[in-house]
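Starting from the known structure of chain Z, arrange chain E on it as the hints suggest.
Take a look at the letters that make up each chain.
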Amino acid sequence: MIYDAIVIGGGAVGCAAARELSRYDLRIALCEKGEDVCVGTSKANSAIVHAGFDAVPGTKKARFNVAGSRMMESLSRELDFPYRRNGAMVLCFDEKDLPHLEELLDRGQQNGVEGLRIVRGEELHQLEPALSPAAAAALYAPTSAIVCPFGMTIALAENAAQNGVEFFMDSPVSEIRRRDGLYELTAGDKVLQTRTVVNAAGVYSDVLHNMVCESKLSIMPRSGEYCLLDKKDGHLVERTVFQLPGKFGKGVLVTPTVHGNLLIGPTAVDREDKDATNTTADGLAYAIRMAGLSVPNLPMRDTITSFCGLRAHLEGESDDFIIGESADGFFDAVGIESPGLSSAPAIGLHLAQCIAQKLDATEKLTFIATRRDIPHLRELPFEDRQALVRDNPAYGSIICRCEQISEGEIVDAIHRLPGARSLDGVKRRVRAGMGRCQGGFCSPKVMEILSRELGIPQTELTKSGGSSKLLVGYTKEVQA
Amino acid sequence: MKQVQLAIIGGGPAGLAAAIAAREKGVEDILIIERDKELGGILNQCIHAGFGLHTFGQELTGPEYAQRFIDRVEEMHIPYLLRTMVLDLSGDRVLTVTGPETGLIQIQAQAVILAMGCRERPRGALNIPGYRPAGIYSAGTAQRLVNIEGFMPGKNVVILGSGDIGLIMARRMTLEGAKVHAVAEVLPYSGGLKRNIVQCLEDFDIPLYLSTTVVDIHGRERLEAVTLAQVDETRKPIPGTERRIPCDTLLLSVGLLPENELSSAAGVHLSTVTGGPEVTDRLATSIPGVFACGNVLHVHDLVDFVSQEARKAGENAALYLAGARAGSRSVALEGKNGVRYTVPQSIDPENMDDTVTVRFRVAQPYRDAALCAYADGTLLRRIPKRILTPGEMEQFPLRKAELPEGCQTITFTVEEVAK
Numbered sequence: 000m001i002y003d004a005i006v007i008g009g010g011a012v013g014c015a016a017a018r019e020l021s022r023y024d025l026r027i028a029l030c031e032k033g034e035d036v037c038v039g040t041s042k043a044n045s046a047i048v049h050a051g052f053d054a055v056p057g058t059k060k061a062r063f064n065v066a067g068s069r070m071m072e073s074l075s076r077e078l079d080f081p082y083r084r085n086g087a088m089v090l091c092f093d094e095k096d097l098p099h100l101e102e103l104l105d106r107g108q109q110n111g112v113e114g115l116r117i118v119r120g121e122e123l124h125q126l127e128p129a130l131s132p133a134a135a136a137a138l139y140a141p142t143s144a145i146v147c148p149f150g151m152t153i154a155l156a157e158n159a160a161q162n163g164v165e166f167f168m169d170s171p172v173s174e175i176r177r178r179d180g181l182y183e184l185t186a187g188d189k190v191l192q193t194r195t196v197v198n199a200a201g202v203y204s205d206v207l208h209n210m211v212c213e214s215k216l217s218i219m220p221r222s223g224e225y226c227l228l229d230k231k232d233g234h235l236v237e238r239t240v241f242q243l244p245g246k247f248g249k250g251v252l253v254t255p256t257v258h259g260n261l262l263i264g265p266t267a268v269d270r271e272d273k274d275a276t277n278t279t280a281d282g283l284a285y286a287i288r289m290a291g292l293s294v295p296n297l298p299m300r301d302t303i304t305s306f307c308g309l310r311a312h313l314e315g316e317s318d319d320f321i322i323g324e325s326a327d328g329f330f331d332a333v334g335i336e337s338p339g340l341s342s343a344p345a346i347g348l349h350l351a352q353c354i355a356q357k358l359d360a361t362e363k364l365t366f367i368a369t370r371r372d373i374p375h376l377r378e379l380p381f382e383d384r385q386a387l388v389r390d391n392p393a394y395g396s397i398i399c400r401c402e403q404i405s406e407g408e409i410v411d412a413i414h415r416l417p418g419a420r421s422l423d424g425v426k427r428r429v430r431a432g433m434g435r436c437q438g439g440f441c442s443p444k445v446m447e448i449l450s451r452e453l454g455i456p457q458t459e460l461t462k463s464g465g466s467s468k469l470l471v472g473y474t475k476e477v478q479a
Numbered sequence: 000m001k002q003v004q005l006a007i008i009g010g011g012p013a014g015l016a017a018a019i020a021a022r023e024k025g026v027e028d029i030l031i032i033e034r035d036k037e038l039g040g041i042l043n044q045c046i047h048a049g050f051g052l053h054t055f056g057q058e059l060t061g062p063e064y065a066q067r068f069i070d071r072v073e074e075m076h077i078p079y080l081l082r083t084m085v086l087d088l089s090g091d092r093v094l095t096v097t098g099p100e101t102g103l104i105q106i107q108a109q110a111v112i113l114a115m116g117c118r119e120r121p122r123g124a125l126n127i128p129g130y131r132p133a134g135i136y137s138a139g140t141a142q143r144l145v146n147i148e149g150f151m152p153g154k155n156v157v158i159l160g161s162g163d164i165g166l167i168m169a170r171r172m173t174l175e176g177a178k179v180h181a182v183a184e185v186l187p188y189s190g191g192l193k194r195n196i197v198q199c200l201e202d203f204d205i206p207l208y209l210s211t212t213v214v215d216i217h218g219r220e221r222l223e224a225v226t227l228a229q230v231d232e233t234r235k236p237i238p239g240t241e242r243r244i245p246c247d248t249l250l251l252s253v254g255l256l257p258e259n260e261l262s263s264a265a266g267v268h269l270s271t272v273t274g275g276p277e278v279t280d281r282l283a284t285s286i287p288g289v290f291a292c293g294n295v296l297h298v299h300d301l302v303d304f305v306s307q308e309a310r311k312a313g314e315n316a317a318l319y320l321a322g323a324r325a326g327s328r329s330v331a332l333e334g335k336n337g338v339r340y341t342v343p344q345s346i347d348p349e350n351m352d353d354t355v356t357v358r359f360r361v362a363q364p365y366r367d368a369a370l371c372a373y374a375d376g377t378l379l380r381r382i383p384k385r386i387l388t389p390g391e392m393e394q395f396p397l398r399k400a401e402l403p404e405g406c407q408t409i410t411f412t413v414e415e416v417a418k
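Chains as they are written, first to last, in numbering that gives the first Met the number 0: chain Z, 0 to 479; chain E, 0 to 418.
The hints are simulated quantities; they were obtained by calculation from the structure and are not laboratory data.
Take the hints with a grain of salt, since some may be wrong.
[Stated by the list, open to error] Below 20 Å or equal to it, Euclidean Cα-Cα: the simulated PhoX-like pairs (lysine-lysine) are: (1) K154(E) <-> K193(E); (2) K193(E) <-> K384(E); (3) K475(Z) <-> K178(E); (4) K384(E) <-> K335(E); (5) K475(Z) <-> K154(E); (6) K273(Z) <-> K215(Z).
Only chain Z is shown next, with the shape it has when bound in the complex (with noise of 0.2 Å):
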């Protein structure tokens, strides 16, 4: 059997291009490593569309940032995914750092940012109570928004296999060969025969695009360290708030969640290891201290939880995204940081719409334009939720009280395609285990479920996949 396209890496650009493609009379298949889709830069970032003030002019940074950013609100509304168009600020700290603003400002207003303005004092510190007395100015773009990553990423990849995409998880990449025209993929223990390939493989990008192209390309790891604290903190500020940019990167912002949480972070630490999402004392104590800078007396104490990010930093002269065809057939989203989330979908539909032109596919007839996404029943009006409870009552029996999420939502999670097989899969999706307790009271619960669902014992159950085993065995059975 031959596929059209394989789409290596199922994160939120790997899904946007294979949801993409699946308008398409073709044949494809999705190779994600990890054990399931959203596991890596897609599920640890800052979580903001950006508007696009920050990247150079005419670079395809600039590009695709500002195009994603524009198609993302109706994508959300299509694919039912929480979107939320909350707006940011860039402060100064300093009158004298100004000019730094305006050469902000008219750098978004070439790449066609709406709304750009410059607030100072009173203003600014009306729009934002909790900013630091110290703030100066701030560019103002209303167009900035948050959106859930996981729910994005998942909501692109149901909504492709719903419309035919083969997903092959725990299937990383290790050969990929020239055969008859063709690229043939050694995917964990499958070979794969394809006419063209789509390389969406974040920080691994360069190991794949390097398999098949002539000029080498590398990527460095770029570590971003956050820390995410308790809904009661998400209204500290209503806008996303960046301070003005260093060189590695947008530097140390202050956001709400679209779930209501308040994140800090990154910071920005070139890495070796492509795996290393470790955090450090360092890091943490870093994006602590510069997000302090922007709100003081931050309530660290509701921390929740702490994680790191990689970021897929291209090195060398340019660091601009490499998208398009590198090899006939083959077809490269390398290098693909921040605004990487908020361009995804743009690259997505570049890049389907360059293999169908390659492939000369035609629209098929039976497209599914839209995905509801799993009932949430906790921002559901009484009624709605009441009627829902009503027809399967296990959605009124609560199993993670911090986010309040039903047994019949986890349920939905697992028997999604592609669904959730691990308690993180099923916390990406649904929520569980995602609140203030961090999964104290629910997981045992949550595996419940998974291993009744799955038909699989529970001692085989992971975290995440791989060797991530929840539990070593039974009771009145081990020896240490």
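Then chain E, alone, in the frame of chain Z:
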């Protein structure tokens, strides 16, 4: 809308004792709402002995202790709902409830007793650096897995925090065949009961490292090791003291937090020290008709005291339903000089019982000290104590007869005895 005289949120030791007391005082229409599949709360997973010495003069296991109250609830035909969760409580005592029997409904209660208990502080609250592999559990979660579900979370264990659940789990894991390599406590003293240090650690040769914490977590998928380091007086790790301990499990016993999201949503005024509602000697919160008891009010060390406190809450809810209201005056209670807080935070001098038990914890360990109560600066009474420790709750009986006329504030302090 369904109506009920008294709704009790939580069917653990606090909720059960409150229900029984309220019924004994004549409240007919009571509903206990419990989110788990059985009554008894966290006692069900506390299968070790040591409960009930004060109440029954016997050392019972947690389930046995709970059963005595459950039996009484059954005998009295007090209605309860299981697997049923209160999603919201409004300021006018409307409960939004969901469960398999009820579906999603609202209940109007004339009085409410908050008895939701507490939860464990998670890893995230400590910002421990490192990876986030499988094998990191709060001690209570591990206790549930082992004692109720019958699973072993790991074989080689390190425990961070010397709270009572951590100490109990050190012994439990050892008895189940695991090796507990260390218990690390960031403070220079343990937060657990002395008897648990002796019976759970010393009796099993499990080392307790004080002024020590976890500074790194290794292992990308399953936990492989933790790095421990000593800390200075400001709890900052001391460079050069790090050592790596291979393990597959890290249990956290780093504090309990009263679970007051519902109270908060209803507008109940919470204490920033206890994390629980501020209450009068009637255990009445800032919202009329809403009472609180047990670990939702402040974290207890012994369940016997939870039961005592909950009885009071039940009796007072009954009095409220019979028309009793607070008097016009209020005397504030406060803790100073080593007394972190008091429960209750105020008393009603006109209607108070002859003796009100004031409960609190001290901020640090003391030897040969005294607990003192002052009424507007005048010493009321002084109770000498050979040992005071933050791990053990103190009780100070405040007598109505002692209170001076017109007293405004009663202050509780620790005073060290000069040698």
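Results of checking the hints against the structure:
1. Of the supplied pair hints, the one linking K154(E) and K193(E) is violated, its CA atoms being roughly 26 Å apart against a limit of 20 Å.
2. Restraint check for K193(E) and K384(E): the C-alpha separation of about 15 Å stays at or below 20 Å, so the hint holds.
3. At roughly 14 Å between alpha-carbon atoms, K475(Z) and K178(E) fall within 20 Å of each other, so this suggested pair holds.
4. A C-alpha spacing of about 17 Å is found between K384(E) and K335(E), which places the hinted pair at or below 20 Å, so the restraint holds.
5. Taking the CA atoms of K475(Z) and K154(E), the gap is about 12 Å. The hint holds against a cut of 20 Å.
6. A C-alpha spacing of about 17 Å is found between K273(Z) and K215(Z), which places the hinted pair at or below 20 Å, so the restraint holds.
Going down the numbered hints, you'll see the structure goes against just number 1.
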